[in-house]
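Protein chains in written order, with this note's numbering: chain A, 1 to 674; chain B, 675 to 1052.
Because the hints were derived from the structure by calculation, they are not lab data. Note that CB positions come from ideal geometry on N, CA and C, so glycine has one too. There's no promise every hint is true.
Stated by the list, open to error - Computed list of chain B residues with no C-beta within reach of chain A, every gap over 10 Å: (1) L762; (2) A809; (3) A977.
As the list claims (entries may be wrong) - Simulated coverage check for chain B against chain A, where a stretch passes if three residues somewhere in it have a Cβ under 8 Å from a Cβ of chain A: (4) 767 to 778; (5) 783 to 796; (6) 810 to 822; (7) 872 to 879; (8) 914 to 924; (9) 969 to 976; (10) 996 to 1008.
Said to hold, decoys possible - Chain B residues, not near chain A, derived (Cβ > 10 Å throughout): (11) G703; (12) Y706; (13) R710; (14) L733; (15) A906; (16) Q908; (17) S909; (18) S938; (19) A963; (20) V964; (21) V1013.
Chain by chain, the residues run as shown.
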Amino acid sequence: MPRNPWIDLLSSMRFAVSLLSVIAIASVAGTVVKQGEPYANYLNQFGPFWFRAFEAIGLYAVYNAPWFIAVLAFLVASVSLCLWRNAPVMLREMTNFRERLGEQSLRNLGHRATLRTTLAQEAASARVAAYLRAQGYKLRAGVDEGTAVIAAKAGSANRLGYLFAHAAIIAICFGGLLDSNLPLQARLWRGDKTPVDPNMLLSEVPGSGRLAADNLSFRGNMFLPEGQSSATAVLNVKDRVLVQELPFTVSLKKFHIEHYSTGQPRLFASDVIVTDRDTGRSFETTIEVNRPLIHRGIATYQASFDDGGTQLRLTGHHLLAPRSVPLDFSGRIGESFALTYGGAEYRLELTGFRPFNIENVADAAPEASGSRTWLDRLRGQLGSSAGSKDKRELRNVGPSYSYKLRDGAGQAREYNNYMLPVEVDGRWMLATGMRERGSDPFRYLRIPMDEGGGIDGFLTLRRALLDEGARARAAKAFAAGAASGPSVSATMREQLAVSAERTLETFARGGYRAMAEFLERSVPEAEREQAASVLLRVLQGATWETWQTARVAAGQTRLAPDTSRARFVDDALNAVSDSFHYGVPVYLALREYDEVKASVFQVSRSPGRNIVYLGCALLIIGVFAMIYIRERRIWVRVKPDGEVLVGAACNRKTMDFDREFERHRAGLAAALDH
Amino acid sequence: MELAQKQAAGFEPRRRWLDWAYICMLALGAVYAWQRYSGFMDVYEVGVLFLAVPVFGTLGWHWRGLRNLVVAAGLVALWAISLYHQDLARADQVFLLKYLVSSQSAILWMCALFFMATASYWAGFFARSDFACAAGRGLAWAAVVMGFTGLLVRWYESYLIGPDIGHIPVSNLYEVFVLFSLITALLYLYYESRYAQSLGGFVLLAISAAIGFLLWYTFDRGAHEIQPLVPALQSWWMKIHVPANFIGYGAFALSAMVGVAYLSAGSPTFAARLPGREELEDLMYRSIAVGFAFFTVATILGALWAAEAWGSYWQWDPKETWALIVWLNYAAWLHMRLVKGLRGPMLAWWAIIGLLVTAFAFLGVNMFLSGLHSYGQL
Ligand code: HEM
């Protein structure tokens, strides 16, 4: 074969190793930089200069970058050439016994021995042959100038291993390229398809943004709410999309999630109806994680799930207006509305819904691990691995939903509201969380439940506190009750009423913080603590009266004071005080919901898959053959004078072969003995 | 013919009645399990149950150490299980369970025994004491028995927590770290029984490091708690992909520690106590070859699993990508030795670096990179 230096280079080990290094380095880069994120994220992360530089080398989709694919293609070429060159040699070696190995060459082998026999030459070589056959060797016998020559070999399949393993690399890369997005890239280069904006309505996507159902290879997503059908998948192309038509329609009947008793998810499954678009025939099936549907060469996998537009019925309670009517309305997750509260315009975006929340409600009694000796800690570890079941008390605290309220300036706050109250230290509270940035944890406002189990009690109290007239009446009643008896003068009572009213007014303006500021301004530091406790008692008492007067005004009866009601007043005061940091003057309570879930499927057709699997099978056979089958050769020359030369070689120099040779030397010596 | 037989007898260890008893025990155990539990098994599980007999039978015939291990770990685990009376709480009440053979106690015993084995091996190495080396070997075997007992009992405990929670203990980072220590130790004990002596200290150093991590992971993170399987892990592939991977990792760890021994043979103190360099190189090659073969299988199984769970056999998820890097690295190592005939310290260094790359693929990816793998978040 005439040698071409380029081909030499291409098929050389050094070139292959260089390519492998490039692939390894590029792969590392691809694992460090998250792939396929929205471009804005990269711009944020790297800044404008590096963003552009990295974009130019395709760092955001390394594994699809043209140069990466080119390196893979070179690797395939290199391995193919190597195979092309070596295969004939390997095949020849497999069948060749090298019976013409001369005496001198035999004496140069690493493993050699000289034996003697008293048997006749013929009988001796027959014994040698029998011995080697029994050891699993194949052999050729001949005569070389009066010397009987036996050439034996075993483990030739080792060479097949080479062929298989390297052919496997080619098959795997080839199949993989078929299933990569290379075919799609090729179509985009040809220019007959143009990706469209991801927000475009499906019905408006033009033909140039659609791929026909007979497209050979694709991988896309399908978002499918319960009760709806789809016959298309969406393929992402950078930050735009293409629509892939499917030869069948998938309708989602129901999406299930099941849970373990510990709250972790156990099963994600979708009940679907699949209707063939050509024949019109349909069937029902269930798609689960690890159990995809394979129909007409297209595999549909349960990739994830989402909310499919749950219908929420909400009530908006105004927290600041003294008299206001609750506003009922309904909307779906994913929708947004305009709301006006306290003269300000808001945009309400309903963002998410969870039908249940499993939470650890056990009293957190953290054992300070530092205070325990290591022996205690060790003892704590012994036993079963069932874990800290005893430390945990999991409970479903019911549905929750989340939304954003965006003010006129575009500033959004995110809220997370529970539908049902939870029990905290024997009191029932309704939690609503707020955060200003997505990275912060939610801060919760806890609204105490009244004796009827609703929030009306709290709202009545809250509104009365906002009402100047109600405060004045309550302050008077408080003063009358607290400062009664003959020794109390009318002026004292008057003074107490005034200070109670001022306290209520301060609190209604800004909660505990306003009261603290008031104290700082008007009381010398030394007396502040005492003043604060007096003020707090006044506040509690006056608030109690505020509540009772408001009840009477609303046609309800006065309540007799007791500890649980006193705690209600405390909790209500805390909630009112926290509501000043709530950001908006409205609390949106969830009354009812109709849950609609959605499945996210991955839909793909991968024609290269079977080629890849074949390659994998070849690779396993090849690697095991190369490692576990050693090609061993033994030559025996029986001379007429009774001298027997034995030589051996193995294409893997290992100590096992040293031992094997020792064994054969002994075995042959025994065989040649009488 | 007669000669060939004589030869065979000299080479193959003679079968004694114990070997036959072992096979009978395996077969009877399988039949008993099948009779009792076949109602809960699918056809694969029945297949695996009966395949286990010839597999463990052959391995045990080939290597008596493994035979003894199977019997010992099996009996201790069965005894432990019988102490439970199907009540998990007894793990904290029965003295022998609490302090010896409940899963967590057995695993902690394994940790302690591995540390002691490491110390014994090193003492034996420096003092050239056969007794200390034999003690090291005995302790290492004891550790392996306790470790496998711990895993088997853990398997049982997971079913006591809840029948739907029960699963084979190869499902998270904690469990596979135990497995890794056991497999590395077994590979070494096999080599020790056949070839090189006096490498125990080196290899057990790697195991001790893994145990150190395991203890931190247990005490600091409470990682030993049995968790139910998330849907993506409820797959047959997991049960074979993970153990295959860990045979690979164990073999790579062994080769790296032999590489350390090879390099330390530069000092005369060490050289005088170590096997010859050629023997070390040979051992290094063999364990990389074994590791490579199993790692190839494991990676392919991973691809098959990914195809089923995520819809694509390969999507350059960081864990997959790092597996490829590890694979390419050892493929290059093998080429340099087999094709280019490279020998010497360069290969030893490369084997050590190979283990660092492997460790990154195994741990670093979980710690520093995010991806689809729901396995072993740190
Ligand atoms: C992606 C690239 C390649 C991969 C993954 C690969 C894989 C392998 C594997 C797994 C082995 C077996 C090692 C063992 O026995 O354990 C091997 C051996 C070998 N490879 Fe490659 N190989 C590649 C490229 C090449 C190239 C380009 C050449 C040509 C120079 C080559 C020539 C050989 C040879 C000659 C052997 C040894 C065969 C023997 O001694 O039996 N390989 N290869």
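Against the structure, test the hints numbered earlier, and report the numbers of the ones violated in rising order.
1, 3, 5, 6, 7, 8, 15, 16, 17, 19, 20, 21
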